[in-house]
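*Asks:* Protein sequence lines, in the order shown, are assigned to chains W and V. Residues 1166 to 1352, numbered by this note's numbering, are exactly what the first sequence covers, in order. Residues 713 to 886, numbered by this note's numbering, are exactly what the second sequence covers, in order.
Don't read these hints as lab results, they were simulated from the structure. Check the hints yourself; a few may be wrong.
Computed list of lysine-lysine pairs in DSBU-like fashion (alpha-carbon distance at most 35 Å, straight line) [stated by the list, open to error]:
no.: 1; chain 1: W; residue 1: 1229; chain 2: V; residue 2: 875
no.: 2; chain 1: W; residue 1: 1330; chain 2: W; residue 2: 1255
no.: 3; chain 1: W; residue 1: 1294; chain 2: V; residue 2: 876
no.: 4; chain 1: V; residue 1: 839; chain 2: W; residue 2: 1325
no.: 5; chain 1: W; residue 1: 1261; chain 2: V; residue 2: 806
no.: 6; chain 1: V; residue 1: 746; chain 2: W; residue 2: 1298
no.: 7; chain 1: V; residue 1: 876; chain 2: V; residue 2: 844
no.: 8; chain 1: W; residue 1: 1325; chain 2: V; residue 2: 806
For clarity, every value in this text was computed on a predicted model and none was experimentally measured.
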Amino acid sequence: MPQRMIHGTSLVEIMLAILILGIAMLPIINLLSRTTGMSRQERTEAAASSYAGKLMNQFLNEYKWTNITDGFISGDGPLDDDPKSGIWFKWTGVVKDAWPITQDMAVNRTQYHTPCAGACSGAIEPLPKRSPKTINPTFCSRVDVKDIIFKTIAITFQWKGPGDKDYDEVRQMVLVVRRAMLDEANK
Amino acid sequence: MKTRLGMAIPIVLTFVVVIMVFGFSIVQLRTESKRLNLLTFHYLKANMMAQAGIQHAMMKIRLCPDEAFEAAARQYGICPLNDNPPSASGSGNKDLMNIFISDMNCSNLNISGAEGWGYEVKNIETKAAFRKQNRLVTVVEITAEGWAVEGRGNLQKRTETVKKTISIFKNNTG
Chain W
1166 MPQRMIHGTS LVEIMLAILI LGIAMLPIIN LLSRTTGMSR QERTEAAASS
1216 YAGKLMNQFL NEYKWTNITD GFISGDGPLD DDPKSGIWFK WTGVVKDAWP
1266 ITQDMAVNRT QYHTPCAGAC SGAIEPLPKR SPKTINPTFC SRVDVKDIIF
1316 KTIAITFQWK GPGDKDYDEV RQMVLVVRRA MLDEANK
Chain V
713 MKTRLGMAIP IVLTFVVVIM VFGFSIVQLR TESKRLNLLT FHYLKANMMA
763 QAGIQHAMMK IRLCPDEAFE AAARQYGICP LNDNPPSASG SGNKDLMNIF
813 ISDMNCSNLN ISGAEGWGYE VKNIETKAAF RKQNRLVTVV EITAEGWAVE
863 GRGNLQKRTE TVKKTISIFK NNTG
C-alpha cells in the first residue's frame, strides 16, 4: 500500500515538473533567441562606429583637399570591403564652406618699436578685423582653393547587418568635422 | 528510497532558476554592450568637434603665420621684433594670443542633427622658442574642446579635449 502511493506521487510530481519546466522555458527560449538577434545588432553597431571613425579620419587627414567637393556626398560598401561579412554601410553627407574668405578674423599685431631685450612690453596695434582674402589674397585666389579654405563635413551613417532586409532609418549616426586647407596653403 | 522520490520538482526548480540567472546575465551583458556602443558614438561626435577646433586654429595660423608667431613669441617673453632675442623665461604677455584665439570657436554648425554641438580653442600655449639656422621657431600647443549632445541613453552633453603641438616660424632673421 505505501509502495503504490509513493509511485503515484512520483508520476504526479514528474508531470508537474514537466509543466513547470515548459512554462519557464517558453519565455527563456524567447529571451535567448531575441538576445542572440540583438547581440548581432550590437556587433553591427560596433562595426559601424569603427567604420564611421575611420571614414571621418580619412576626410580629416587623408583625402586630398581638391577631392572633398562641396555639396552632397555619398557612398556605401561592406565591412572591410568584404561582402561576405554581411555588414553594409551607407553614408550621405554635405560639404560646405565653414568660413567664407570675406568673413573677418580677429588679427592684431605688435606695434613697431625698438626691439625689447627681454619680455615684450610694446603696444599692440588695434588693427581692424581682416578677412582671409585681405590677409592672403594670393592663397585665396588659387585654383585649388576655389574660395574655400575651411570646410564643414557632415555625414550621416546607416548600417545593416546579416539578416537585415534594409537600412534602418532609426539606427543612424551623424558625425561632423571641419577641415582646413593646411599643407597646401604655403605652396 | 523515500527521499529520492521527492527530488524531481526541486531539481527542475533549481534548473529553471539557473537558466533564468543565465538569461538575465545575457540581457545585462547586452544592455551594457548597447550602452558601450552609444558611448563610442558619443565620444566620436565630441572628438570630431574638438578636431574641428584644432583645424580652425591651424587654418588661422597658416593664413596668418606672422601674427601667430608674434602672439606666440610675445606670450613666451620674447619681443617678436627682436631678431636675436635672449633666452626667455617662458612667461610673457598673453594679450596678443588672447585676441588671436578669440574667434576660434563655433556653437552653431547649421547642420541638421547637430544642434547644440560646437567647439572652442581654449588655449594656444608657447612651449619653447629657439633659433634654427636663419629662422626663429616657436613651438606651441593648441588645446581645443569639442562637445556634442546625445539624446539617447540619458547621455546629454559630452566634452572632449584634443591637443596638438606645432611649430610656427619667423623667416629670414639675421
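*Asks:* Decide, hint by hint, whether the structure agrees.
*Replies:* Right, here's what the structure says about each hint:
| no. | hint | in the structure |
| --- | --- | --- |
| 1 | W:1229 - V:875 | holds (23 Å) |
| 2 | W:1330 - W:1255 | holds (14 Å) |
| 3 | W:1294 - V:876 | holds (26 Å) |
| 4 | V:839 - W:1325 | violated (47 Å) |
| 5 | W:1261 - V:806 | holds (33 Å) |
| 6 | V:746 - W:1298 | violated (48 Å) |
| 7 | V:876 - V:844 | holds (21 Å) |
| 8 | W:1325 - V:806 | violated (51 Å) |
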